[in-house]
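Undergrad: Spelled out from the first residue to the last, the chains are:
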Amino acid sequence: MTTIAHEQLSEIAQQHRDEDVSRRATVFEVRDLAVAYSGAVALHEVQLQVYEKAVTAFIGPSGCGKSTFIRCFNRMNDLVPGAVVTGDVLYHGVDLYGDEVDPVEVRRRIGMVFQKPNPFPKSIYDNIAFGPRVLGLKDGLDDRVEEALQRAALWDEVKDRLKESALGLSGGQQQRLCIARALAVDPDVILMDEPASALDPISTTRIEDLMHELKREVTIVIVTHNMQQAARVADMTAFFSVEVSDDGKRTGILVEYDKTAKIFTTPSDQRTEDYVTGRFG
Amino acid sequence: MSVDSLRLGGRGGRGRVRGVAFQALLLASLGIGFVTLGALLVDVFVKGIPYLDATLLFNPPSASPQEAGARPAILATIYMMGILLVTVLPIGVGTAIYLEEYADKSRWYNRLLDLNIQNLAAVPSIVYGILGLAFLVRGLGLGRVLLAGALILTLLVLPIVIVSSREAIRAVPDSIRQGGYALGATQWQVIWRQVLPAAIPGIATGSILALARAIGETAPLILVGALTYVAFNPTLMGPFTALPIQIFQYISRPQAEFKLIAAAAIIVLLAILLTMNAFAIWLRNRYQRRW
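Protein chains in written order, with the working numbering: chain C, 963 to 1243; chain D, 85 to 375.
To be clear, the hints were calculated from the coordinates, so they are not data collected in a lab.
We put the beta carbon where it would ideally sit given N, CA and C, even for glycine.
Take these hints with a grain of salt, some might be off.
As the list claims (entries may be wrong) - Covered, in the sense of this in silico footprint (three residues per stretch, anywhere, with C-beta under 8 Å from a C-beta of chain D), are these stretches of chain C:
hint: 1; stretch: 1115-1123
hint: 2; stretch: 1138-1148
Claimed, not checked - Every beta carbon over 12 Å from chain C, so not counted as near; a handful from chain D, in silico:
hint: 3; residue: 127
hint: 4; residue: 162
hint: 5; residue: 188
hint: 6; residue: 202
hint: 7; residue: 256
hint: 8; residue: 258
hint: 9; residue: 293
hint: 10; residue: 309
hint: 11; residue: 354
Let the hints inform the model, and build the full structure from the sequences given.
TA: Next up, the structure:
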């Protein structure tokens, strides 16, 4: 049984999906990845691959562990007291959780954009320049800032007020500023944790258009609770769900991972179908 | 419910009388504090203004009221504030950064440290004076010198600076730290380039208010041996007095004129205090951020 909303969704998902991205190089190979916070398992043994220069979306209901999962890719979970990550995340074949890996180095290659825009309380210029400065990339800083803002489609709006506070920008501009900030250090991957959920529809569209542009050069991983958004932007989609045990403990699990068109039209798991047709969540 | 209950009178009327009475009571409480303070200020200003002149600011104390000033005390107070600034700020802010950014709060020793700093802020200043006498003057053999006075004031206001700096650091949203880390910054870079600059207005405000408290302190200075009569300019390692002690000394003299000079010295002390507080308020308003 399909609803009208779902028909639209599968239509959207089927447009622009001619190419099979799963034949591309693998950027991340996740094996048996599990995360526990202070002993409580938040995410149960996940396996999946993230492909190069594609958009991979994680969808699912609240509490399914999708945000926890995306934070494993740049070791942001290290900053959460009591978080324990087990299993492997291979990044171009190197285990990000290996003993010799420096999380600071990881984050230099794998950028992140957060749910709520979080510009630094500094000028627009200094926001973009922060990344290059901490990495010691001081040569041609002006060009680097301009390029990052161009790539984030923000340059024309801010070029005359680079010295003004970033906090004076609108929410959508702030979020594009955060994307520009991540781009300024030339990352290989950008992780986006619900990047448009705090924005209005027009700003959301701009962010989505931006993702289409950016995926020519970088690999994008996005968490979203908006299925339309996943259908519009993602090449690959992973559906996560929550399993509630008898004693009430909630654990996130990966239910199904496939090409976006497949997830939204002919999912192989009943739970995925229930979710995308709107009967659950 | 009938519409009658909407009419004035009845329970509503009684409630209104109580409300007015309560408001009057609150105003009266406010009035007691306000009138007392006002009377004190008027008294001090009426008596002190005629003596608020160059003699007071630039002359040393003297047996003759016409020539008596408070220069050594004013200078010593300024010196001590200067020393205080360079001792209390780095130690206080450093402690605050450690406790907020590095200390693992699940460890018992960090929690103990935390609790004790809060307690230290409430220790009476005379106790710090005894500590100064035993530890700085006698133990370290500094003697009854200005440096010992400044150091004991440092210890006295250190907890206040730590507590206010911690609050300022805690007020910096975590999203700023996360944003910094996500760009590949180290903890040192995140603290030094993001957290501290964002916390500086709060730290500065708290520190100025702490200094303002130190300026008025008398008890610990008496214990570490501030003299009441110093007719020469103070030096770091020499005998000293401070403005509040000088005021006390003038008031306790038998001649009536000295009480008026004391009033003038009080105006000087109040002026320094108000200037510092005003600067703190200006800083807070100027750099206040909304997240």
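Undergrad: Each hint should be assessed against the structure and marked as holding or not.
TA: To see whether the hints hold, each was checked on the structure:
With 0 residues carrying a beta carbon less than 8 Å from a beta carbon of chain D, the stretch 1115-1123 of chain C misses the three-residue requirement, and the given coverage is violated. Residues of the stretch 1138-1148 of chain C lying with their CB closer than 8 Å to a CB of chain D number 4, which satisfies the three-residue condition for coverage. Interface exclusion of residue 127/D from chain C stands, the closest Cβ pair being 47 Å apart, more than 12 Å. For residue 162/D, the non-interface assignment is confirmed: its Cβ lies about 34 Å from the closest Cβ of chain C, beyond the 12 Å cut-off.
The non-interface label for residue 188/D is inconsistent with chain C: the shortest C-beta to C-beta separation is roughly 7 Å, within 12 Å. The claim that residue 202/D lies off the interface holds: its Cβ sits roughly 22 Å from the closest Cβ of chain C, which is beyond the 12 Å cut-off. Residue placement check: residue 256/D does not keep its beta carbon more than 12 Å from all beta carbons of chain C (closest about 9 Å). The claim that residue 258/D lies off the interface is violated: its Cβ sits roughly 9 Å from the closest Cβ of chain C, which falls inside the 12 Å cut-off.
No beta-carbon of chain C comes within 12 Å of the beta-carbon of residue 293/D; the shortest separation is about 23 Å. Every CB of chain C lies more than 12 Å from the CB of residue 309/D, the least distance being 47 Å, so the non-interface label holds. Residue placement check: residue 354/D keeps its beta carbon more than 12 Å from all beta carbons of chain C (closest about 36 Å).
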